[in-house]
Every structure is written in C-alpha cells, then in structure tokens.
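Produce the complete structure using the sequences and hints provided.
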Amino acid sequence: MTLLRHTDAEVRERSALTINPAKTCQPIGAMYAALGLHRCLPHSHGSQGCCSYHRSQLTRHYKEPVFAATSSFTEGSSVFGGQANLLQAINTIFTVYDPDIIAVHTTCLSETIGDDVKQIVSKAIADGKVPDGKTVFHASTPSYQGSHVVGFASMVKAMVDTFAVPSETRGRSVNLIPGWVEPADMRELKRLAEVLGVPITLFPDTSGVLDAPMHGPATMFPSGGTTRDQLRGTGAALGSLGLGPSASAPATVALEQLCKVPGQVLELPLGLRATDRFIQAMQHLTGCRIPDAITEERGRLVDLMCDMQQYFYNRSVALWGDPDQLVSLTEFCLDLGLKPRYVITGTPGKTWEKRMQAAIAGRHEVRYQQGACADMFLLHQWIKQKPVDLLIGGTHGKYIARDEDIPLVRHGFPIIDRIGHQYFPTVGYRGAIRLAEQILNALMDRQDRLSPEESFELVM
Amino acid sequence: MPQPDAAQVKEDLLKAYPAKVARKRAKHMQINDTDQVPEIQANVRTVPGIITQRGCTYAGCKGVILGPTRDVLSITHGPIGCGYYSWLTRRNQTRPTSDTDDNFMTYCLSTDMQEEQIVFGGENNLRQAVREAFDVFHPKAIAIHATCPVGLIGDDIHKVAEQLSEELGINIFAFSCEGYRGVSQSAGHHIANNKIFQAVVSHEAPTQDVPVPQGPFKINLLGEYNIGGDAFVIEELFERMGVTLVSTFCGNSTYDSLAQARHAELNLVMCHRSINYQADMLETAYGIPWIKVNFIGAEQTAKALRKIAAFFNDQDLTRRTEEVIAQEMKAVEMARDDIASRCRGKKAMLFVGGSRAHHYQYLFEEIGMEVVAAGYEFAHRDDYEGRRVLPDIKIDADSRSIEDLHVDPAPDRRDPAEDSQAVDARLRAIDGQGLNDYEGMMPMMRSGTLSIDDVSHHETELLIERYHPDVICCGIKEKYAIQKHGVPSRQLHSYDYGGPYAAFKGAINFWKDLDMMVNAPVWSLVTPPWQRSSAPTLEAIMAIGGL
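For the record, the sequence lines run as chains A and B. Each residue of the first sequence is one higher than the one before, starting from 1 at the first, in my numbering. Each residue of the second sequence is one higher than the one before, starting from 1001 at the first, in my numbering.
Heads up, a few of these hints could be off.
Stated by the list, open to error - In silico lysine-lysine, DSSO-like type, Cα no more than 27 Å apart, as pairs: (1) B:K1330 x B:K1140; (2) A:K398 x A:K260; (3) A:K123 x B:K1024; (4) A:K118 x A:K134; (5) A:K384 x A:K339; (6) B:K1140 x A:K384; (7) A:K339 x A:K398; (8) B:K1020 x A:K118; (9) A:K63 x B:K1346; (10) B:K1010 x B:K1027; (11) A:K339 x A:K354; (12) B:K1020 x A:K123; (13) B:K1394 x B:K1020; (14) A:K63 x B:K1347; (15) B:K1010 x A:K63; (16) B:K1512 x A:K134; (17) A:K134 x B:K1015; (18) A:K63 x A:K190.
Said to hold, decoys possible - The following label-pair restraints were derived from C-beta to C-beta distances: (19) A:L3 x B:F1120: 34 to 40 Å; (20) A:K190 x B:Q1003: 46 to 52 Å; (21) B:Q1327 x A:R367: 53 to 59 Å; (22) B:Q1327 x A:D448: 41 to 47 Å; (23) A:E296 x B:V1119: 52 to 58 Å; (24) A:R434 x B:D1404: 56 to 62 Å; (25) A:R446 x B:K1330: 39 to 45 Å; (26) A:E365 x B:F1120: 36 to 42 Å; (27) A:V79 x B:G1121: 15 to 21 Å; (28) B:F1120 x A:S122: 27 to 33 Å; (29) A:G420 x B:D1135: 53 to 59 Å; (30) A:E365 x B:S1401: 53 to 59 Å; (31) A:M1 x B:E1167: 31 to 37 Å; (32) B:D1135 x A:V79: 35 to 41 Å.
Quick caveat, the hints were computed from the structure, so don't treat them as lab data. Only a predicted model underlies this, so the values are computations on that prediction, with no experimental measurement involved. The C-beta atom is built at its ideal place from N, Cα and C for all residues, glycine as well.
Right, dumping it as structure tokens:
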C-alpha cells in the first residue's frame, strides 16, 4: 500500500492550497537562533501552542532540552493586547530561571494585534522588571511572511541591532555568521578558523547548547552559546562573513550599516567549491596564510570525489529544504557528477533563482521552484512524471522515498527520525566528505538490496 | 532513601516564585489524602513565562481529536506553521481496509496565510483552497481548522464551510479552534467534540448515508486515539469477546464509522478529559449510557472487559470474556513477575496529558513501583477529584466562551433496556465506578504523595532533586531535560516511538521498556572513572584493558 496514495502525476494549477509544505513559520527559526546565545532563554510572544510546537519540533530534531517560555495569550490578551502577559513573563523568567538574556520573538497573533514589543520591554525596564546586567531584546517574526529561515535571519539581525557597539577602530577578529546549520557545523567552522589562525566571533553558536554533554549534574543553560561581550565586540571587527544569504545577509548588512564593519555574504560552505570560496574569503579579509593542513583536507575530499565519481555519473537527484542549503548542495551534486533534476523550497526570496542559476552554471537542466505552493506534493508529482535516483532533504521526504523506492539522504531541518546527525558537520571539506559518503552509501545500499543474485557484488 | 516530606517539598517548590505566582501555583499543588481528597486548581490560565508544557486549542482540536480520522480531509486556515507542526507528529496509526480507501493522514493541507490576507481577509483564499483540495482529493468530508489570526481578522469560516458544502456537494464543517481560546489544548477537545457531534454524529446527511451496523453487543470506544497501535490491540480483544465495535473516537476511525455512533448500546470512555463531552451528548440525544474504562494496565484491562460483559449481562459473553482474560494473563503474569523483580520499590513520577497521568499509575502499581508525584498538563478538576465535583466547578472567563452545546433528546432516543440501578450495581462491584461515572486520579494516589497540575520546568527540576525518581513519564519537551539529570524518562504522548501500551500486550511492552530504561547500562557510565569518589587502581584498570 502506498503512503501518499492520493498523489498523482497530473499537476493541477493551485494558487491557494499548500500540500505538504517545504517550509514552516518564522518563530521556530527565531527560537533556534536565540538558543545560540549564552544563557539566553527564547520567549514566544503569542499563544502557548506556538512555543509548544517549536520546542517539540526542535527537540525531536536535536534530542536535547530546548527551553523557551511563552506569553500564554488568552482570548482576553488577544483583545486587549499582550503587554500584561509579557511584563509578567519577564518578571517570572528572571525571578525563577535567571537567564542573562531573554530573546523575545513575536508570532502571527501578537503581530496581527499589533503589540509593540519594544515599548513593552522599555516599560519592563522602567518598572524594574529587568534586573541590572540583564538584557531583553526582540525580533519581529510574523508567521504570515517568509518562512522559518526568515525568522532565523531576523533574530540574528536583532542580535546585531541590540548588542553590536560601533567602533572607530577595526580589530583583528572576523565576525562569522554561520547561517542555519547544525551545532557540529558551527563547531567545524570554529575549527577551520582556528586552523587558519583567524580569531572569530561566531554568532549564533548552538554548539555546546544543542549538543551539550551529559556528565552528571545538569544545568539549564549549558556552557555553549555566543556571549553578550562577544556580540558587543562585533562592531569593532575587521570584517564580517555571512554564510548563506537567506539566513545571514540581514545581520551582515546591519553590521555594515550600524558599525561600518565591511561585510561579505557567501553561499553556505557545503561542498568543495563553496568551501574553497569560504577559505579564500577568509584569506582575502585577513591576509592569513592558508596552511598545508587545509590544502590537505581539500585534497582528501578531491581524492574521494575522484574515487566515487563512477558511481555518481548521471544519477539524478531531487532536493528540497532551505534556500541556502539548496544552492550549495546543487553545486556540490553537480561537482560530484550527479544531476540535480528537481529542487523545491517553500521559502520565498528575490535572489534565490539567480543564485541557483549561478550554482548550476548551465551544466544541467534543473527544474526548481520556490515560495507559495512550491511544496513536497508538487515535488512528488514531478517525480511521478519522471523519477529520480536519489532524494536529499529532511525527514518528511521518507514517505516519497518509500512509495517510489528512492534512497533518501537526510539533510537539513528537520531530521526527526534519525539520531546523531547534529554531531557530524556537513560544512567544510570534512563535511563534504561525509555528505559524499552518505550519498554513495544510500545509492549502494539500494543496489545491494535489489541486484539479482548473479550480479550481487562483494567488491564495489 | 527516606521519602521527603511533601509539605516541605511544596513549600520549597513555591519559594522560587514571585509572591503572586507562588500564591497561584500553591492551589495547583496538593498533598494527596485518601481519606479526604483535597481540592486542586486546574484548567485555569498558565502564568506567562513559567515554562509550561501546555499547548493550544488548535492542537487539541486538529491534532488530537480530528487527527486520527483518516478520510476526513483537514485543512488548516492560517500561516503555515500550525499545519506543519501537526503533520504526522502524533503517531496516530490507521489501517485502511483496501488500497483504494481514502487515507489523508500523510498529508498536510494549509492555506499558508500571507500578510495580504491578514489585512484584507482570508475568506476568498480559503474558498479557493477548499476547491483545490476537493479537486485533488475528492474527499467525503472536509474539516476546516482556524488558527489564531483567523478569529482576529474575522474570517467567517463557518459561512465558507456552508457555502462550499452546497457548491461541492460534500459535508464541510469548520472549527473555531484559534490557539488563544481557552487555557490549553483542552478547549480544542471541547470545540472538536461539539462540531463532530453537530456535523457528523447527529447530522442528517452523513448518518442517513451509512448502513446501520450489524452484530451483537454494539459499543463505541471514546477517547482512544490509536497512538502506536493502542486501538488495534483493543479492537482485537473486542473481536475475540464477540462485541461489535461500531466506532472509535477517533483512533483508526473513518467518517462513516463516526456517523454510525448513534447505533451503539454502550459507550466506553477511555480518555475522560478529551471526550466526555461526546459521551454526555450521545447519552442525552440517543440514550446511550457510558462507562469509564481504562485499557492501560493488565488488571485494568481485565476490569474494563468485565465491565462490558457486566453491562450486557449475557452468560456467553461473560464466559468468552473470562476466557480472553485468562488466555492473556498467562503471558502478562510471566512478564510482570520477572520485571517486578528488578523494578519493585522504584519511584516514578508522571506529568502528562489529561488521562495518562492517572491510567499509567496502574502499570507502575502492578509491578510494585511507587508513584510519588503526578499531574496533568491540561485536565480539569473532575479528572483529578472525580465527577462528583462537577457541580462545584466554577467556569471562569477563559472557559466561558467555549460553548456547552445544548443537546435535545432525539426522536428515536432509546430507553435503557433494564433498570439502571441494577446495571450500576454490577459495574460498581468491579471497579467502584457506575454508569456515567469517573472517580478521577487523586483518590487512587497514596496519602502523602503530590498532585501537581500544569507542572512547570522549575518544579520538575526541584522534584528530581528532592525525590530522585527512577523514572519520569512526560512529553517530548521535558524528556531530554530530565535525562540530562541522569533520570530516565518515557514519553507518554508518543511512547518514544514504541508501543502499543494498551491492553495486555501493551502492558508487557510498557514493562519491558521500563525495565530497559531503568536498568540501562548508560546511567552508570555518566561520571568518568577519574571523577568517581573511589578512583580505580592501576591493577583494576589493567585487569580489564590489559593482557
């Protein structure tokens, strides 16, 4: 029996109905970003359900505690505004949980009724509800615009708006804005910077928060996360590198505008050439020498790609997920010899198509679509019209994978049916090695499962 | 280890709060007393910022009640998130009878509301979305679910449902389940119950279209959502007993089965909190009495089956029921005695749901584990103290807007087949609960234990520190926070992707999982050997690692 039995190949025009979305709403992105600050409690200004859903989904993905508070709107607050709720929340949170920072994000509810969070926070400070040395800041994240990626980007930008202190002088440090990647990716970016000998401030940084160790007594706020002092220093940095335009451009631009920190926005360093560009950008910005260790890492990846290319040649791929990941993954797939056939993201945005074109560079005909009604139902219909050999995307794709018997490589957010993914980076050369291995394993596992007895191979 | 003093623990739990919050929370924490069940506060608004585990009305309506019915096509009207998060995340299993049966459970449909609609209204978009959904899926029925902005911008989803029902010739109904209504998901259950009763159970069109179910001893199972296949194991028992299951609300259910519900002779209420409304309405309209059952725990399952037999009072049915129980109890007793030998005396806490914090206590009791604290996330006083307190429950402003549907007796309402006092007496002899009765959780809890409603994260942490429980049953949001303290935790919403946990087989599954967790090797490996109080000697290290 098929799981998606009502999906057929005939694409009917849809303008109002999304089926099986390839995106979710802004606040969850804001919550994830805020978890990348040290001793920060994200706060959802809206109904309880938003906070509950976001915490649940992030927890399913990370298998880690995800703390966040909510304004618990009732019908009364929806009519009269949520000021009283937020004031009480701020007081309760600081009294009971003592975070350094409360990062408030809004929801469709508080945005629709027009709550002025900035004013409410000012009132909380005036009323003495914010203890000395503590910070409350907010990002506006209406669920009826953009997607979870936009919510993430807005919260990261709000970090700059809130903390960055303009400076007359430029220091040596580089602001590295990693985009929506896993804790292990953030850890890997820090390692690469260290190997390059470049001091950086990475923000947000969920390593040490969403992959916190278990060693006896638990603390609500683990050791990880970017500190407020680090964020204040971003205004005096040598320059900023924003990784992934959708997730990191707003913060990069804000640093330029507010603090005159020169910024550059790159594609996410997923895959060989995107990592090359990242390393080169670090070199251009700081004048650092690229150590042999990096060149060797790259060489190992190229060697592996060389060994694997015969298995990838002309195999077709469908991808879905977030715009930054998709651009770099498309480029990397093509570099491996794979043929991306379909690419879908529900996240809208003006520059994505152009970026996709740049990544594809005329090498192959790729059908891609973004925004309204660019959903996994449409992707599945395309696959029914002309199948692919491989799927790359989040867990929701497993239903297509099973119905169509296509191997699935889980990548991006969310991965809620496999454990451990957040420990393994996919950025950088090392990350690319892992990605390539996962892709080939998926293809070969299927071959092993389906090959006839006489051509079942011991050595492959 | 001596048990901490509950009164002292309560005092300490409240210390961390601002004074006003402490006063409020104090009413949600009671020290159980079997002689005099204390009054607990429940189903009132949560303190903002306290870190609650509660969800919203939409989750209770679309996620819980409507989620498990496979052939009603649910469309979420609102921004994308609500539909997305409630997409396949509740583990409602379903078993279509053929390859061609409708099954929409793997699909998430949303109007993906944009700013333009927030400003100018979303009704036109909703209309168009319903038409597009009809074109793709051709369902028998469509359910429209409101999210927060819908109520604020004033979209009349009920009018849209009515118009399109006429236009498309199928049953379309809408739920005003905006997330801000009520104080938790509980309001969503109520709203869902009301509309399902009006639009399906008692509605002319769907009920005329379905055949009258045939078979002896017709029952409905209410408040069983088939998480992890629970309903499947219960269905199998009914089949072996020879009772006819007309419909389940709503695990493994279909639109037609819900429309047949009025033909049952007896309703079994599993999750009292989420479905008591339906039970009461079916009783008022069609004269179908209900009994509280609990299929969690082997002894409890046996009692539930015996209550069904006692209700119908048929000799053959009683004999078959006893046979089924006897057959099942063999495996149960073996597993129970084995696992009890490793778990007896250990301590558990349960903070979950609107019925599970009660039901699962029996599973612990049966293997000799002790429940030291328990509470619900979204239940009401009657779920804690029993339905006897219903007349005393004050309805506050947050709950007043959730309509209590007025139901009139249907023209074909049946009178009870026999004197209800006699039935009542037979039922009471089994578990103390008669017709249309529920005793609640608190009367079963030992004196000196704690009942805590809508527990906060702070409270959970302090309880861990004071009681050192061996296991805590909870939901996904608390699980990993608890485990970071070195305390195993089992999700009772999703069974940690295991189960079924219902009935006899489920009891064995649960105990095995419990045994696996409580006695897992990992808990003894948390502290590195070099940080342990007695550092091993080099000889000891070499004895394992050397040649």
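Worksheet item: Does the structure break any of the earlier hints, and which numbers would those be?
Response: The structure breaks hints 1, 2, 15, 16, 29; every other hint is satisfied.
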